[in-house]
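Participant: So the chains spell out like this:
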Amino acid sequence: MDTPNIAYTVAKGPKDSLHYVFSSIGAPTILVAKTTKTNMKLKVNWTKLLSDNVTDMKNSVQFSPTPDYSFAVVFTKLYEYNDTDDHANITQVPLLDKLNMSQWVVRDFKNFTWEDLSLNSDAKQNRAVFKTSMINVPFKNNTNSSVSFSMQVFGTDNRETIFPQLKYTANSTLIDLELNEVTPSFLQSRYAVEMVFLSGDGKAGIKESRSIDDEYTPGVFKTVDWKMDRHTSKQPQELGSFVQWKPVCYLTPDRDRQNDTKVKYYPSVNTTVVPQKSLAYAYYGDQLPTVVMSATNVSFGLEKDKFYNKFNYTVWTSVIGYGTPPADEISVLVIVVIIAGLGTPVLVIVVGGIYVCVKKKTKLKVKADFGAESSYSAIN
Amino acid sequence: MADLPDEKEPLLGDGNVQTLDEEEELTGCGGTLACDPRRWLHRFLVLILMCFLSFGSYFCYDNPAALQDTMVSDLQITTSQFMSFYAWYSWPNVILCFFGGFLIDRVFGIRLGAIIFSLFVTGGQVIFALGAMTNKFWLMDVGRFVFGLGGESLAVAQNTYAVNWFKGRELNMVFGLQLSFSRVGSTVNMNIMQPIYNLVDSHMPGSEGYTVLGIVLFLGAGTCIFSLVCALYLAYLDKRAKRILKKDDGKVGEVIRLKDLKDFPLTMWLICIICVAYYVTVFPFIGLGLVFFEQKFDYDPSAANAVNSLVYIISAGASPLFGFVIDKTGNNIFWVMLGTIVTLGCHAMLAFTFINPYVSMSIMGLAYSVLASALWPLVALVVPEHQLGTAYGIMQSIQNLGLAVVAIVAGSIVDAKGYLLLEVFFLAWLCVALIACVLLYLVDVSQGGKLNMSSKRRTLLEKSHEKSTEEEKKPL
Chain A
12 MDTPNIAYTV AKGPKDSLHY VFSSIGAPTI LVAKTTKTNM KLKVNWTKLL SDNVTDMKNS
72 VQFSPTPDYS FAVVFTKLYE YNDTDDHANI TQVPLLDKLN MSQWVVRDFK NFTWEDLSLN
132 SDAKQNRAVF KTSMINVPFK NNTNSSVSFS MQVFGTDNRE TIFPQLKYTA NSTLIDLELN
192 EVTPSFLQSR YAVEMVFLSG DGKAGIKESR SIDDEYTPGV FKTVDWKMDR HTSKQPQELG
252 SFVQWKPVCY LTPDRDRQND TKVKYYPSVN TTVVPQKSLA YAYYGDQLPT VVMSATNVSF
312 GLEKDKFYNK FNYTVWTSVI GYGTPPADEI SVLVIVVIIA GLGTPVLVIV VGGIYVCVKK
372 KTKLKVKADF GAESSYSAIN
Chain B
18 MADLPDEKEP LLGDGNVQTL DEEEELTGCG GTLACDPRRW LHRFLVLILM CFLSFGSYFC
78 YDNPAALQDT MVSDLQITTS QFMSFYAWYS WPNVILCFFG GFLIDRVFGI RLGAIIFSLF
138 VTGGQVIFAL GAMTNKFWLM DVGRFVFGLG GESLAVAQNT YAVNWFKGRE LNMVFGLQLS
198 FSRVGSTVNM NIMQPIYNLV DSHMPGSEGY TVLGIVLFLG AGTCIFSLVC ALYLAYLDKR
258 AKRILKKDDG KVGEVIRLKD LKDFPLTMWL ICIICVAYYV TVFPFIGLGL VFFEQKFDYD
318 PSAANAVNSL VYIISAGASP LFGFVIDKTG NNIFWVMLGT IVTLGCHAML AFTFINPYVS
378 MSIMGLAYSV LASALWPLVA LVVPEHQLGT AYGIMQSIQN LGLAVVAIVA GSIVDAKGYL
438 LLEVFFLAWL CVALIACVLL YLVDVSQGGK LNMSSKRRTL LEKSHEKSTE EEKKPL
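So the sequences go chain by chain: A and B. Each residue of the first sequence is one higher than the one before, starting from 12 at the first, in this note's numbering. Each residue of the second sequence is one higher than the one before, starting from 18 at the first, in this note's numbering.
Hints are supplied without guarantee of correctness; some may be wrong.
[Said to hold, decoys possible] Computed cross-link-like contacts, DSS-like style, restricted to lysine-lysine with a CA-CA straight-line distance of at most 25 Å:
| no. | chain 1 | residue 1 | chain 2 | residue 2 |
| --- | --- | --- | --- | --- |
| 1 | A | Lys-88 | A | Lys-321 |
| 2 | A | Lys-372 | B | Lys-467 |
| 3 | A | Lys-376 | B | Lys-467 |
| 4 | B | Lys-153 | A | Lys-321 |
| 5 | A | Lys-218 | A | Lys-238 |
| 6 | A | Lys-370 | B | Lys-467 |
| 7 | A | Lys-374 | B | Lys-473 |
| 8 | B | Lys-467 | A | Lys-374 |
| 9 | B | Lys-434 | A | Lys-233 |
| 10 | B | Lys-473 | A | Lys-370 |
| 11 | A | Lys-317 | B | Lys-153 |
| 12 | B | Lys-473 | A | Lys-371 |
| 13 | B | Lys-434 | A | Lys-178 |
| 14 | B | Lys-153 | A | Lys-315 |
| 15 | A | Lys-273 | B | Lys-434 |
| 16 | A | Lys-245 | A | Lys-218 |
| 17 | A | Lys-245 | A | Lys-26 |
| 18 | B | Lys-256 | B | Lys-268 |
| 19 | A | Lys-275 | B | Lys-434 |
| 20 | A | Lys-371 | B | Lys-467 |
| 21 | A | Lys-69 | A | Lys-54 |
[As the list claims (entries may be wrong)] Sample of chain A residues facing chain B (criterion: CB under 10 Å; computed from the structure):
| no. | residue |
| --- | --- |
| 22 | Ile-223 |
| 23 | Gly-230 |
| 24 | Asp-267 |
| 25 | Arg-268 |
| 26 | Lys-315 |
| 27 | Ile-349 |
| 28 | Ala-351 |
| 29 | Leu-353 |
| 30 | Val-359 |
| 31 | Ile-360 |
| 32 | Lys-370 |
Rather than coming from a laboratory, the hints here were simulated on the basis of the structure. Here the structure is a predicted model, which is why all the values come from computation and not from measurement. Where a beta carbon is used, it is the ideal one built from N, C-alpha and C, also for glycine.
From just these sequences and the hints, can you work out the full model?
Facilitator: Okay, here's the thing in structure tokens:
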């Protein structure tokens with residue numbers, strides 16, 4: 012059973028609003044549109060959207076009136092590979108092994124079947140969960156196994172309380188990808204996903220930045236930003252969009268630090284291959300030849316982490332949003348400790364130095380007054 | 018009827034000389050250069066045995082640090098639980114450092130004492146390895162506790178042997194050499210444990226991680242067995258030398274009297290604060306260093322371990338050197354302050370920059386050597402000789418207490434808040450040490466400034482003091 016799911020949220024600001032649409036119809040897609048017009052609405056033509064003929068999907072989803080700016084992120088493929096050499100690098104795994112057996116299982120997300128959105132979601136927390144349904148081609152699965160995407164939107168700027176404690180804003184949404192008890196095809200399986208970033212106006216690039224601060228994600232000092240900057244050179248520079256993540260994912264649902272592993276990304280490429288069938292295709296439709304598309308792969312795992320097979324679980328969190336990606340700042344606690352810690356000895360040294368000078372001056376004065384050493388030698 | 022001691026002593030001359038027995042003649046192999054306790058080669062060979070006496074203990078002490086990433090993953094433990102391996106080593110020594118001397122002097126004697134402590138070290142490491150192999154975390158903690166019972170006391174035994182065989186002549190050099198050997202043991206551990214783990218792992222595919230870990234730790238116990246053999250052989254040679262040279266058994270000689278504590282001046286307590294506040298920023302940091310260097314600087318395990326071992330290997334060479342220099346120049350408090358400030362700078366570099374950690378760790382090794390060489394002699398300047406045993410005892414006790422507590426706290430900080438906050442935590446401790454240093458200087462200045470004297474002035478003062486006491490002795 013495959014339920015066509017669409018989750019739609021509007022974030023209303025004082026001057027503009029952001030419309031978020033996440034759908035699992037076809038390849039899971041998040042579509043975001045920004046507008047200053049308060050009356051913009053989402054219009055969905057369900058017959059065309061759900062038609063068997065894929066080309067009918069074009070333009071079945073529309074915003075009216077047209078938004079100022081829009082972008083979409085599509086999760087197109089789920090890769091599983093046999094990491095016999097334990098490199099955790101998808102570029103180093105050949106298609107066939109020495110016995111001509113395939114080392115890859117490639118699954119298109121658009122072929123998955125999904126449960127009803129309302130079964131797994133939490134409206135109070137503004138969390139929509141898209142979960143694959145049990146009867147699922149082509150997994151050999153047990154009753155528990157599932158792949159799920161969770162989208163959570165917020166009205167304020169804050170930070171999640173569970174690892175990786177990413178910062179979110181009112182202009183962004185938290186996306187969790189969870190691979191839960193998916194039966195691996197190999198003894199040394201690792202997984203990767205392919206993603207496509209689309210926008211009507213932009214140029215994309217991935218940048219990794221390094222920070223001294225790992226307060227929120229202990230042991231992780233890097234942040235990866237896949238940014239779609241605006242192409243136009245209007246002043247002031249208009250805001251683009253981004254996908255941000257920390258290069259860490261967790262191998263247990265508790266997200267303990269001792270079972271975390273690395274998330275690797277690979278250079279993004281510009282593509283013209285259209286992700287049919289997906290919400291992005293449904294929205295951008297005919298515009299697709301002019302839409303900017305950037306694709307990349309993200310893989311999960313690090314050498315010697317004993318592969319996906321150790322726990323049969325992986326969860327990865329990213330933040331997708333409009334504007335400038337959030338940056339971590341050193342918390343107040345650190346600054347207070349540093350100032351108090353380093354300031355106190357400086358203070359003590361200054362006060363002590365004054366004390367010593369004063370004492371030396373009085374001693375000299377005493378000497379001058381008496382004209383002799385203050386200690387006297389034994390009487391001979 | 019008991020012999021009265023007076024009757025047997027000769028009326029003239031030194032009462033200790035026993036002129037009645039002949040000197041034992043050494044025949045055959047026993048009389049050669051290498052086997053004659055009076056000759057230098059034999060003493061040199063004994064020195065080598067002494068140096069290896071605590072090699073195994075230092076080697077195995079930092080096994081956890083060298084294998085942190087695999088231990089955490091194979092045993093599924095948090096960083097805080099990992100640091101309990103260090104805490105349990107320190108806990109028994111909070112109390113035992115008061116009794117080490119007593120046990121060696123009154124209960125076991127030096128030879129048996131060294132063997133017994135060596136047995137504890139070996140047994141503890143074996144239990145530790147067994148705990149790993151069976152994936153029983155509590156057993157590993159027990160192993161580290163037993164290991165701790167032997168470790169520090171073995172160092173006391175090693176020092177006692179040294180004093181007994183080398184007193185007066187080359188003692189400082191021997192102490193320095195023993196410490197350097199031990200530091201070399203720590204360095205070797207850091208650099209070979211991971212390759213050994215990988216080797217064992219590659220030969221046992223499909224086995225559980227903790228089984229491999231257990232085997233590797235058993236191999237580490239091999240160094241403890243080697244040290245145990247040295248202890249046994251040393252005991253035999255010491256007993257033989259005692260018989261041939263008719264010398265007394267080595268004694269620690271320091272009496273611990275807890276009631277001495279009330280006499281300790283403020284300067285002594287400040288020295289204790291400096292000691293604990295400084296050392297907790299070095300050893301727990303090294304314990305956690307491997308994963309820190311792997312994650313912040315993207316080092317692979319062997320490079321991370323190499324950087325982590327820099328403090329040890331540099332202090333192996335630098336400690337004797339700085340000891341010599343500081344003995345010559347005096348001004349101990351300034352050296353202690355220098356060591357603290359430089360270490361503060363190193364931790365700041367590691368926390369707030371991405372400057373190559375080889376730089377900061379090398380400098381930290383030098384700063385650590387400076388501080389250790391300048392701080393411990395201060396105790397002898399503030400406390401009278403008959404209270405020195407208690408003074409060193411309390412200083413080590415506080416140090417071990419601090420290490421035990423801070424080890425666990427540091428592990429918890431890393432798990433919850435990451436490495437930046439851990440470094441800030443260490444910086445705060447160094448600030449405490451620095452404040453204590455400044456206070457020590459001020460108190461000392463107000464009392465005449467004898468702790469920070471240059472050694473020139475100190476010898477002049479000693480000479481004039483000797484002269485005045487001599488003058489007092491002259492009959493009127």
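Participant: Tell me the hint numbers this structure goes against, listed in increasing order.
Facilitator: none
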